[in-house]
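A.B. asks: These are the residues of each chain, in order.
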Amino acid sequence: MATRSKRVPALFRPAPRLVRHLLLIVSGLFMLYPLLWMVSSSLKPEDLIFREPGLIPTAVTAENYTQGWDALKHSFGYYLWNSAVITSLAVIGNLIACSLAAYAFARLEFPLKKMWFAIMLGSIMLPHHVTVVPQYIVFAKIDWINTIWPIVAPKFLATDAFFIFLMVQFIRTLPRELDEAAAIDGAGYWRTFVQVILPLCVPALATTGIFTFIWTWNDFFTQNLYLTNSDNLTVPVALRQFMDSGGDSSWGPLFAMSIISLGPIFGFFLAGQKYLVRGMATTGLK
Amino acid sequence: MTLSPAPAGTTEVPVTPPEKAGASHPGRLKGSRGRSQAWAAYLFLAPWFIGLFAITIGPMIASLYLSFTDYSLLSEAHWVGLDNYEKMFTQDDRFMASLQVTTTYVVVSVPLQLAFALGLALVLDKGLRGLSFYRSIFYLPSLLGGSVAISILWRKIFGVDGIVNSFLGLFGYEGHGWVTSPDTALWTLIILHVWTFGAPMVIFLAGLRQIPQSLYEAASVDGAGKWRNFRSITLPLLTPIIFFNLVLEVIKSFQSFTQSFIVSGGNGGPVDSTLFYTLYLYIKGFKNYEMGYAAGMAWVLLLIIAALTGVNFLMSRFWVFYGDEK
Chain A
1 MATRSKRVPA LFRPAPRLVR HLLLIVSGLF MLYPLLWMVS SSLKPEDLIF
51 REPGLIPTAV TAENYTQGWD ALKHSFGYYL WNSAVITSLA VIGNLIACSL
101 AAYAFARLEF PLKKMWFAIM LGSIMLPHHV TVVPQYIVFA KIDWINTIWP
151 IVAPKFLATD AFFIFLMVQF IRTLPRELDE AAAIDGAGYW RTFVQVILPL
201 CVPALATTGI FTFIWTWNDF FTQNLYLTNS DNLTVPVALR QFMDSGGDSS
251 WGPLFAMSII SLGPIFGFFL AGQKYLVRGM ATTGLK
Chain B
1001 MTLSPAPAGT TEVPVTPPEK AGASHPGRLK GSRGRSQAWA AYLFLAPWFI
1051 GLFAITIGPM IASLYLSFTD YSLLSEAHWV GLDNYEKMFT QDDRFMASLQ
1101 VTTTYVVVSV PLQLAFALGL ALVLDKGLRG LSFYRSIFYL PSLLGGSVAI
1151 SILWRKIFGV DGIVNSFLGL FGYEGHGWVT SPDTALWTLI ILHVWTFGAP
1201 MVIFLAGLRQ IPQSLYEAAS VDGAGKWRNF RSITLPLLTP IIFFNLVLEV
1251 IKSFQSFTQS FIVSGGNGGP VDSTLFYTLY LYIKGFKNYE MGYAAGMAWV
1301 LLLIIAALTG VNFLMSRFWV FYGDEK
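Protein chains in written order, with the numbering used here: chain A, 1 to 286; chain B, 1001 to 1326.
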């Protein structure tokens, strides 16, 4: 807020403002340098990558991209598609299951509500590793290894409790009069949820969608565990195989595919920045 | 709360007197209404309940049982009592190494990360042009940090022919294989973790917004300087947020996996210097198929995290200031 700065003369006077900008720009560049270097390296001919620490390539080529795209059994587009399917389903699952649960916790009364809510909160902190061994055994027994279901099915069962919590926090800020008015108009809980609460939850739903997308897209542990067949690899697992098989000779193509793998995250980040930041901030504060 | 205020249109909702509403809806009588509401709630919660029991609690119990067996997926499980746990702490050097590596990682990188997060949040907090631009730049790495792509990049940046050495070469420093030397490999991962300070920074920024400006105004009347303001107002009022970030980051960083897996090529090397706890658990369970042992390790991890969180909460009594809440 613009007026705020004027009202706090003692904390930061305008004088060091230029210094602060300079400091921020330098440290911002420092933060982004590795990323920029990878972008620039992905455009350089192989032999230049490690001879030039600078960002501006003296020669530009798209060869790394064309080479990397076809370096594995399938084209990289194939793995992008696999990742896209898994992440889309994960997003849909989280949106449906978590919003349902959040509505119940935020608005409805039921026996043992406090206890269930505490369990839900506790499950946010539970390390995934405590359940992964038996889960793997069960998924292996029902032949789900090398299918997308071990990754997608839990999302439809609201196992990412973090997002339930986020939406509960959000729904609590909506006025109760809305629900009451809907009830007076004869709407049941389902209609109140779908027609009144959900449309107002768009910011929380967007946050959930974007975070789910980014986290699932990035997730390596589960995907590496369950997707081992070369036909259903996702982007992170494919990148890793690429690194193993390519060895030290193909850093250019590897960087090129790494850049492509970060593309969707970057896109979602730009599109949903406002929600991401707000979502972080909201759950950070009770 | 930084959420948007009540949506427009709220005030236009016609308010009906409660008696009338009750009369036109016999179902809203206290008892039966409560019961139908409970039914509705359990229906809304049904997916979560199924998930809780099938994906979380059931497997937890199973993993506790497995941790007392020598299950290998290929043969029947045999009850071995506390053997797995005993082996971890008395015979398994790699287990102890992974515990030590992870502890060092958490103890060094979390405070550093939070210090950077707080420092930049303070610089970014008050009336600065381009705030959201800077915030985005600092936040971006925390979204990318856990990805395979960035871990690959890190492995190369800190390699013998990486850019870190190119830079140090400018000052006449001879190249060093940062990721291939056991003395320094873990530090490259710590730097990677500190690099992702954006997420806690955003939470700090939100916390700073909640500090009433009137306090600073009152302080400036009393002639307090910057440092005094920070010491006496900002820091105490921010302690709940610092605490929240601390608990969250400790839990999260104890479970780090991808970075150590990719940077070390999947084996935690060199000489186990980057063998994170979860990586060793993965190797035991899903490479060697010692699933009982891995389940035991998972329970030790749970106990460590629970104990640390508990200690954090106990300690918080001495330094976290809850202002008007008490």
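Derived by calculation from the structure, the hints in this document are not laboratory data. Don't be surprised by glycine CBs; every beta carbon is placed ideally from N, CA and C. Misleading hints may appear alongside valid ones.
What the hints assert, rightly or not - Chain A regions said to be covered by chain B (calculated; three or more residues, Cβ under 8 Å):
#, region
1, 24 to 36
2, 57 to 63
3, 113 to 122
4, 136 to 148
To be verified - Residues of chain A placed beyond 10 Å of chain B at every Cβ, according to the derived structure:
#, residue
5, Ala84
6, Leu225
7, Pro236
8, Met243
9, Leu254
10, Ser261
Said to hold, decoys possible - Not the full set, but computed from the structure, chain A residues with beta-carbon under 10 Å of chain B:
#, residue
11, Val130
12, Thr159
13, Leu198
14, Ser245
A.B. asks: Each of the hints needs a verdict: does it hold here or not?
C.D. replies: Each hint, compared with the structure:
For the region 24 to 36 of chain A, the stated coverage by chain B holds: 7 residues have a C-beta nearer than 8 Å to a C-beta of that chain, and at least 3 were required. Only residues whose C-beta sits within less than 8 Å of a C-beta in chain B count toward coverage, and the region 57 to 63 of chain A has 0 of them, not enough to reach three; the restraint is violated. Only residues whose C-beta sits within less than 8 Å of a C-beta in chain B count toward coverage, and the region 113 to 122 of chain A has 4 of them, enough to reach three; the restraint holds. Proximity of the region 136 to 148 of chain A to chain B, defined as three or more residues with a beta carbon under 8 Å from a beta carbon of that chain, is established by the 4 residues found.
The claim that Ala84 (chain A) lies off the interface holds: its Cβ sits roughly 16 Å from the closest Cβ of chain B, which is beyond the 10 Å cut-off. In this structure Leu225 (chain A) is not separated from chain B by more than 10 Å, as the shortest Cβ-Cβ distance comes to only about 6 Å. Distance to chain B contradicts Pro236 (chain A) as a non-interface residue, since its nearest Cβ pair spans about 4 Å, not more than 10 Å. Against chain B, the non-interface label of Met243 (chain A) is violated: not every CB pair exceeds 10 Å, the least being about 6 Å.
The Cβ of Leu254 (chain A) sits about 6 Å from the closest Cβ of chain B, inside the 10 Å cut-off, so the non-interface label is violated. Not every Cβ of chain B is farther than 10 Å from the Cβ of Ser261 (chain A); the closest lies at roughly 5 Å, contradicting the non-interface assignment. Hint on Val130 (chain A) holds. Least Cβ distance to chain B is approximately 5 Å, under the 10 Å limit. Here the hint on Thr159 (chain A) is kept, as its CB sits about 5 Å from the closest CB of chain B, short of 10 Å.
The criterion of a C-beta within 10 Å of any C-beta in chain B is not met by Leu198 (chain A), whose closest approach is roughly 12 Å, and the hint is violated. Annotation: Ser245 (chain A) was flagged as interfacial toward chain B, and the flag is violated, the nearest CB pair being 12 Å apart, outside 10 Å.
Checked against the numbered hints above, the structure breaks hints 2, 6, 7, 8, 9, 10, 13 and 14 and satisfies the rest.
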